[in-house]
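Protein chains: 2
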Amino acid sequence: MAAKYVYHFGGGKADGKADMKELLGGKGANLAEMSGLDIPVPAGFTISTAVCSDFYKSDGKYSDDVVDQVKEGVSIIEKIMGKKFGDTENSLLLSVRSGAPASMPGMMDTVLNLGLNETTVKGIIEKSGNERFGWDSYRRFIQMYGNVVMGMKPESKEEEDPFEIIIHSIKEKRGVELDTDLTADDLKEMVSLFKSEIKKRTGLDFPTDPWEQLWGSVSAVFGSWNNQQAKTYRKLNNIPAHWGTAVNVQAMVFGNMGDDCATGVAFTRDPATGNGQFYGEYLINAQGEDVVAGVRTPQPINDSTKSDPSQETLEEVMSGPYKELVTIYKNLEDHYKDMQDIEFTIEQGKLWMLQTRSGKRTAAAAVKIAVEMVAEGMIDKDTAILRVDPESLDQLLHPMFDPKADKKVITTGLPASPGAATGRIVFHADEAEEWAARGEDVLLVRTETSPEDIGGMNVARGILTARGGMTSHAAVVARGMGTCCVAGCGDLKINYKAKTMTVGNNVYKEGDWISLDGSKGEVIEGKVPTIESELSGDFGTLMGWADEARKLNVRTNSDTPHDSTVARNFGAEGIGLCRTEHMFFEGDRIKAVREMILADDEAGRRTALAKLLKHQRDDFYGIFKAMHDLPVTIRTLDPPLHEFLPHEDENQQVMADEMGISLEEVKAKVDSLHEFNPMLGHRGCRLGVTYPEITEMQARAIMEAACQLTKEGVKVYPEIMIPLIGTKNELTNQKTIVVRVAEEVQKEMGVKVDYMVGTMIEIPRAALTADKVAEEAEFFSFGTNDLTQLTFGYSRDDAGKFLAEYYDRGILEEDPFQTLDQEGVGQLVEIAIEKGRSTKPNLKIGICGEHGGDPKSVAFCHRAGMNYVSCSPYRVPIARLAAAQEALREKNK
Amino acid sequence: MAAKYVYHFGGGKADGKADMKELLGGKGANLAEMSGLDIPVPAGFTISTAVCSDFYKSDGKYSDDVVDQVKEGVSIIEKIMGKKFGDTENSLLLSVRSGAPASMPGMMDTVLNLGLNETTVKGIIEKSGNERFGWDSYRRFIQMYGNVVMGMKPESKEEEDPFEIIIHSIKEKRGVELDTDLTADDLKEMVSLFKSEIKKRTGLDFPTDPWEQLWGSVSAVFGSWNNQQAKTYRKLNNIPAHWGTAVNVQAMVFGNMGDDCATGVAFTRDPATGNGQFYGEYLINAQGEDVVAGVRTPQPINDSTKSDPSQETLEEVMSGPYKELVTIYKNLEDHYKDMQDIEFTIEQGKLWMLQTRSGKRTAAAAVKIAVEMVAEGMIDKDTAILRVDPESLDQLLHPMFDPKADKKVITTGLPASPGAATGRIVFHADEAEEWAARGEDVLLVRTETSPEDIGGMNVARGILTARGGMTSHAAVVARGMGTCCVAGCGDLKINYKAKTMTVGNNVYKEGDWISLDGSKGEVIEGKVPTIESELSGDFGTLMGWADEARKLNVRTNSDTPHDSTVARNFGAEGIGLCRTEHMFFEGDRIKAVREMILADDEAGRRTALAKLLKHQRDDFYGIFKAMHDLPVTIRTLDPPLHEFLPHEDENQQVMADEMGISLEEVKAKVDSLHEFNPMLGHRGCRLGVTYPEITEMQARAIMEAACQLTKEGVKVYPEIMIPLIGTKNELTNQKTIVVRVAEEVQKEMGVKVDYMVGTMIEIPRAALTADKVAEEAEFFSFGTNDLTQLTFGYSRDDAGKFLAEYYDRGILEEDPFQTLDQEGVGQLVEIAIEKGRSTKPNLKIGICGEHGGDPKSVAFCHRAGMNYVSCSPYRVPIARLAAAQEALREKNK
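Sequences listed follow chains V and C, in order.
Residues in the first sequence are numbered from 3 upward in steps of one, following my numbering.
Residues in the second sequence are numbered from 3 upward in steps of one, following my numbering.
Simulated from the structure, these hints should not be mistaken for lab results.
On a predicted model such as this, the values are computed, not experimentally measured, just so you know.
Wrong hints could be hidden among the right ones.
Copies of one chain are not kept apart here, so a pair can be met inside one copy or by any two copies together.
30 Å max Cα-Cα, derived DSS-like pairs, lysine-lysine [what the hints assert, rightly or not]:
1. 749 <-> 59
2. 774 <-> 837
3. 842 <-> 59
4. 837 <-> 858
5. 63 <-> 774
6. 671 <-> 616
7. 613 <-> 803
8. 59 <-> 774
Isolated chain V, as found in the complex (with noise of 0.2 Å):
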């Protein structure tokens, strides 16, 4: 029997299930579940992303049992339909829609209306009685096929649509300003301009055979897996590029028959506070896309989400249909036990579904959402700590404006998603991306946004639209991407030309500050301070029911007692890293620090480095305090010692000036320090083994303020930790100087203080050789900064010239520095774990590289048995969630 590779769906039956997300896609299962559950569906069927995969290696082509299924697949929608594919009289119109394993919307292609030729539009006029429906449903089709299929859309964003040219041509002839003013004789001279411009650039005549429109389209829509924001939006989410999508072909149904026709997409609770209500917008006699492209602004589906008396509510305007929504909607919720997002028309009166899927919501509305379904008894606490997305809680941990400080308000918009952000105001996306890179804070400006426009909204600080309401785009992306956005602000005048916007009298122009509130849906002129956001209410609720779940421990990575204490407050339970360099350069310091560096000999180090003791020991001083009862773990003196001098000629005479030395002499020991390859260089362990005094005054400032602190009644935990460790003997001889120094300073001052000496295993022939460093070592924390740039051989200063090349290549799939590779550094990882604890069975063993903050790699940690994860401050309560549901996963297996 030849494989499966299409599914059917609708008529109360299905062959598919929502969780077959992976073959069939998140909108295909979901069409299948819903016809399952005896949703009106239009009838359709899913061709599975295995034959994505092989359009991919078969360049194109598709076998004989695709081509077959496909056939029947048609033929079965015919029945429960009642019409019939490229029939003259009773005409199937199909629709070709992409459908990822991941929801990644607008980035694909889609193509309606298919199987409309000159015969077919004829049947169809005939058969509604609206003979502007049938050539405005034939000219939407060949605008879409046209671009997606044949290739008319520009490359150049310069280039004007060819289509839209003849619209508005059209439209000027006629002196009209809206399509929806254009009569069905100018919409059949529309479809007869498209054809002949479509003639003309493409030397191909427009395919009238239904079924050559059909492989046309899905071959299409397979294509837009790999068109350059596909990628884009694939890199930014982390989706791999080996999943694919699935292609779905459904029968068409029509919002824009009359006015008994309407289309919408409505969530089953507030997608941006979380709030428990009904939420939707809807557009009278419109397709679907004209809600989400926010060409009309579209009116609330009910009373409770209506913001001014004069809109029409769907409640209103269609109560059946309406009611009927409102059963499906609960059903669904309860099915699906989570808030749903979904679409529907209503054609003539009759209410069909066209997706639900569990709908995208800022991190708020995910945290109230979870939590109040633990209290409606729908879900348990273990499910409410899986539903929220551990990254997003960095939209809920950031400062927020300060609601006691003075500020302007311009004009108000949409609250579309949720945070607060000042910056300096761009209108184009390639714009902000360029503002972006030379480290500007900047907030995208636009009067609508685009699929085009994504890498500029990823690198903004707010997005700021002057159309489109809560579902529009620029609203559904800016809340997946946690950025702040005001939308649908309709005050507000864009000129791209002038690059300045408008509100009343008062011009901005690109590059002056503003700043948005995103949950009150402000613009505000200017900058507004901010204040630090806290743990409470719901957050501190679901956080609360993560900390139980969970075993690793959190730590943090501070350097400062203020730091320690913001991280404190979210929940660290200690320092897992604790750099003692940045210390280095804070006053006068830096100069005692060139001091040691130009010493000639030991004694002249010696002299400068009792200068840094004072510093450092208060420094510690202050750490330990902030920290009291928690483990702190410090690393000594890491950086090679070129990075403390100045390099530029300029700084290396102030610094002559300040030292009272000659230009020469500073730079004679700059080059002396230099090094090809300084990440490999002299560093790390290597400094306190060639300097053995620099790791002597830094154990004596760590153990003169533990013991100070011990006297003052005051329960310190100091772990020394020496770097870039890669064999046992290196570890003896920093550990040996420690060890000597922690009991001379203990003596000394008459107090014992439970100390630690471990290392860090950052260096691979460390990880391989953990059972003998094991020996030395009182704990591990693995580095995986430094592993993963010795692993894959890339220094992360220089790896940006290629990388990008690997991601758009598909060669790697996810950023190593971001998200712990693994598959190579993980095994080092496990290896480095086993030889460790067979050494030593409750060897302490955690995280300190920037990885210990990323939910995917605190997942790994766990799995890898580690005892704790360390991340900076705003990251714990993200690791601390990471770590619960890691732990609950493990428990449901």
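Once you've looked at the hints, dock chain C against the given chain V.
Then chain C, alone, in the frame of chain V:
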């Protein structure tokens, strides 16, 4: 029962045996062995190497067990020798000597004549009836003990030895030149002056208690394991620091008691040439150190090694002891089945053996002795193969003086260590090091050498001495190092102050060029042309045996037809690494390469690459032809592009002029290619991924050359190797290009070529994911240079700054870039082989890093199951022999 720390020998019995070197050191084990064979050995005992470790751990203290066992040891010596330690009438004197598991001649300390004080000296005078002997022994003891134990030896070379100053002043007062001209009274005065000098300098009285003398000497010898020259020697000879030395305490016998006494050293065969005759030197009325130190030029032991009819041989002067010595040497060679290096003393007509060991020999001698011993039926072929140090073959493989060349021989000395050397004269060891460090070829010219010259001797191309025989320090060390040496060149007058050497009327200054022929003992003016060496005679025979025994194939790293031919003549079985980038620098090519780098787009790059294509094809044609019938592995472009651009202003201007562009453009490109860590940057396959046209051009050049030769009837086996793979996907990307081009070219040229596409394994991640990589790779080749850099996190270019200190402190024992680090890097190699073959059981695997020519690393490659090693042409025979030895060791297990 207490552990055994002290091992006795003497009186025809012994606790130890020859195979206990690890515990007893070489000297101790062989003294025990000789004693067990009933050869006359002065009684003594060995304090084991285990005590050396304890000595360092416990800060120089000894356990009670050690103390007791030493006491017992002395009493056993007393019994056997019939004397008593410290006795006033019949006093036993002792020697205390080092003895490590590996021979470290002259590197550690020795104390002789121990047990003397004002009372015992009178006893031995009375007993020997020789007052001069008594006082001479005593002053020697004070001098040695003062230097070794009491720190009288000046630390700086500039400062004169205080004892030598006293000796000199007495000689002056007496108007004599030689030590032997001093009378008993002179020596008695010397003893008294020595003691006062010690008191003056150290504040201590010279110890009179024999036991205090004994323990002081034992501790000094243990302590000398870590003196600077010993450490340097260990590093040069890869002797681990943790082995430690044993200490031999032995009854003194005296070669300096009168004219019926003598001392000498001998080899059972000629250590320079391997000729099968008893060969040695002796001095009448002398102690052993006098022979080795080269103070008096010793006499030949027998007629057949006499170079001058006036010399008096031992055979003539003391025929009885000589005959006994002949019997013993034959016995020893027969027993050890190897050429022996022996030391003996004749005390009043009685022969005592002080040492036997396998003699150091030149590579030529090693080969000849091994092959001849097989002919003599003394050893089998396998043993012969294992007898020759593969590393030493290097001496036989390098060019020798062209016998047809004109040369002006200015004088002749002893052919102490064979080889041909040309270089500039330098008179001090430290200056030799300085000159060599800046790239000069130097010849070290000394009146005589001493252990502290070891560093300079190591960097010198050749060594020339005015004094000393075939067993002098210079000769022994030079042979050990495989450095050419002409010794005892009596016509030579050296003036260290003026930095000149004079032969007759000719004066040669520091920096003048001379040449040394170490096989003939010739000193030649100026430079002499050289010719390639050949594998013939005994060497060819031995290599033939090795080839039968080995399992590993041996290939070469070669980038030119010339090198390929040299390597083929040395037995290379293919090319394991042909670097394509070296070809990029020749002639016009660099211009085309730079054109490619400067090009703004693919089209520009293709134009430039088209120019390179012809050159590359011609290169490969030449190499394939030289290597007909054998496989040739070609690596695609590896280094970062900036390496092809000039970095200095001057050269940049030249390039700008040549290319007809501005200096600024050149600088801008250089800047844009600048990387912080180029080792970890845009190089290797990363270049091929971003510029696929480079890979295309190279694949085309390779395949066009291969197809052309195939048409001409020459068999070629190209193996195209992609460098710096870290993920399977990179290999897929590059292999796709190579295979496409290869198929195109074969079609165009109408022939089929057997080609393979494989990869370097040089990135840790490639090793860790070798199972995946092997899905694409048709072969693996370990690039252990980069793999070592990444596994340790060391940059070869920068690590010098701290690695010297790492060796000094014993953190590393071997240079991991010279000998593969089996503990760390070796694990990755083993993982990669196991995983690679789990995917493809017959995967061809080799190594092409520099380790491929290092004997220990070759042995590892054999054990790891590789198919071949590849090394530089001159190391091919070394690798062949090393591979054979490891195969035999495996067989013998």
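Evaluated hints:
1. 749 <-> 59: between (72 Å within a copy, 24 Å between copies)
2. 774 <-> 837: For residue 774 and residue 837, the Cα distance is within 30 Å both inside one copy (8 Å) and across copies (24 Å).
3. 842 <-> 59: Close across copies (24 Å), not inside one copy (50 Å); limit 30 Å.
4. 837 <-> 858: Result: close both inside a copy and across copies, 24 Å intra and 26 Å inter.
5. 63 <-> 774: Between copies, since 28 Å is at most 30 Å while 57 Å is not.
6. 671 <-> 616: within (26 Å within a copy, 47 Å between copies)
7. 613 <-> 803: For residue 613 and residue 803, only the inter-copy Cα distance (26 Å) is at most 30 Å; the intra-copy one is 42 Å.
8. 59 <-> 774: between (48 Å within a copy, 20 Å between copies)
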